[in-house]
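Enquirer: Single-letter residue listing:
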Amino acid sequence: MTGAIPTNRRTVLKGGAALLAVPFLARSAAGQASHLRVSMTSEEGIAHLQTYRKAVAAMWALDPSDPHNWFRYAMIHLMDCPHGNWWFFVWHRPYVAHLERIVRIYGEDEAFAMPYWDWTADPFVADTFFASSTYPDNALDPSSSHYPDWDSFESAYHDPIEAFWNGLSDAQKQQENLRGFPDFDSFWTTGVQPNFNANPADGRSKTAAAPDLTPPASDAVMLPVIEAGLRPEIFTTVVGSGQARTGFNSPESQNHHQGVGAAILEGQPHNKVHNDLGNAAGGWMPSLLSSVDPIFFMHHCNVDRLWDVWTTKERTAGRTALPTAEEAPRFDPEPFLFYIGDAGQPAPSTAGASMDIAPWGYAYTPGSGSASAAGLQSRRGIAPNATAQANEGFGLNEGATASLSLPEGAAAAGAEETRQVAQVTFTPPRTVKGLRFDVFVSPAGETPELSEDSPGFAGSFEFFGMLHGHGHDFTAVIDVTDAVERLREAGTLPESGAIDVTLAASGTGREDRTLESAPLEGVFKSVVLESF
Amino acid sequence: MIDVVSGSDPLVLAVRTGPLPAGAELVLETPEGLRIGSVSPFGATAATSPAEQVHLVPVPAGTLPDGRTEIRARLILHGSERAATAREFLGVAIIGN
Ligand SMILES: [Cu+2]
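For the protein sequence lines, the chains are A and B, in the order given. Read left to right, the first sequence gives residues 1 to 532 (the working numbering). Read left to right, the second sequence gives residues 1001 to 1097 (the working numbering).
The hints are simulated quantities; they were obtained by calculation from the structure and are not laboratory data. This list has only true hints and no planted wrong ones.
If you want a taste of the chain B side facing chain A, the calculated C-beta under 7 Å gives, among others:
1) P1010
2) G1023
3) S1038
4) F1042
5) Q1053
6) G1096
Distance windows between CB atoms, simulated:
7) A:P215 with B:R1082: 14 to 22 Å
8) B:S1080 with A:Q193: 19 to 27 Å
9) A:P160 with B:S1080: 38 to 46 Å
10) A:G167 with B:L1077: 38 to 46 Å
11) B:G1091 with A:A111: 47 to 55 Å
12) B:V1005 with A:P335: 38 to 46 Å
13) A:W150 with B:S1080: 25 to 33 Å
14) B:G1096 with A:G167: 47 to 55 Å
Since the structure is predicted, the reported quantities are computational estimates derived from the model, not experimental observations. Glycine residues also receive a C-beta, built at the ideal position from the N, C-alpha and C atoms.
One chain only, chain A, in its complex shape (with noise of 0.2 Å):
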């Protein structure tokens, strides 16, 4: 971490995480929320995660026959959770919020907010989740002593999951029936036995050394592919038939355990991501045990804030963002009769009563796709933006600018409640380590002053817990409202036409030594300015 402190004139964001919270926060929960989840990357969600492998740690050393013991939790997942139709993104709003809860329990911090892996900005596994020297023994790291062989785990858990099943309720039976898991040897034998991660060493194929995601997965978090999974305009796919149409949700199933297919967002990143996380040697991540790696929820995370984005672009334009009306009576009473409570009591829902996020009392901060789905409204005339290339190196103190034309409306900074934001594109020097990323708006034409006191100063971006650029193109999202309304009331930028952005690195005085030893271009890539 750099020494500076962020002052009110400075919005340093981290990881990709941005800090303009106010319009998403009154879109998306009405003002109500009192937890606000953020990037994992970012310094407040790295301050989560301490909290979360405090809690993790915690729910392993509960009893096995303790509905809140860490193994217990992610059984959930095993026995429940709908893959490939269009269950998936409800069913896990609530198996992620309700642990959010639980989490505040263990962790012992009532402001605990489940933080999100925005895979798009941070195509690579953080640190956090590594042993390292200041955590030997991680409970975020699958390979950690907190993760049973099969030996030891069937000799401690058998016989109290066991008994757990005994008490199902019929209703529940059924559902485990439909599953394909008519009684407790095949739950054990066909269910928990191969989905199992037998050795430790082998649960997550990501090291501290070797992070990043790799081809398909890479590939599959990419911007175009998120925006591809965000443009549709109903909530169901519908395949077969004449009627075909691309949805945001993956196609109707007659009950959540039958497959039938999946659109863009579960096929692509979500799927892709999990089997990414594991290899031929094993792994959590690509079973269905996947939720006993605690990267797991911090993954669904932003699957679930994914679908919040597209919640608030289909309302802003006057859609429902819900199943239609003849969908609905078969959409809504499919019960969740699995998930616990932060009691530790079943707290058995339907689809219908979990789609709101209103009642969990979260909200997030904008990520990857926040800013892309107001400009998919925005080619339907609702907010304007403006995009530029700039394809220019840039370095140390010094500036590379892309030239935006606004389109007529796009002056609307200043109005209530309307922020401009931009998202800035960028391919990292090959070191990143000391190095503070700043962006500038300045009048066509004139070159800022590269000081966090110019006027035109609009925020920063670092990275957290990487020494390298790894190579991939960043997006950091920046609000620049603040910075263009200096401007406008010093008077030197008009009310619309051209406006400049500047990216230029900048650096900390202990880390110089970092900062000879490597080149220092970095390539500035593209922007886009949106107005929400």
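Go by the hints and put chain B with the ligand onto chain A.
Expert: Only chain B with the ligand this time, still in chain A's reference frame:
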């Protein structure tokens, strides 16, 4: 075979597959080897699930030439690969938005 008519929006392909091995990737490409996208199964398929599954694959605008394109599939599983069988790759069509 799919018929492409150029436009500015990305295409979405509906890819019909039979049962695929867990962890597999079904890669779609043209006979010339142009990679179009891929499908990776995840999650349970209950005993009652239909053998045929439909996966949506977005294809950026301009990836495919206008006109008729043949699409082939190969299957990659943990580093080894082979052509997909007729029971694994059932067909592909463009699906509307
Ligand atoms: Cu999942």
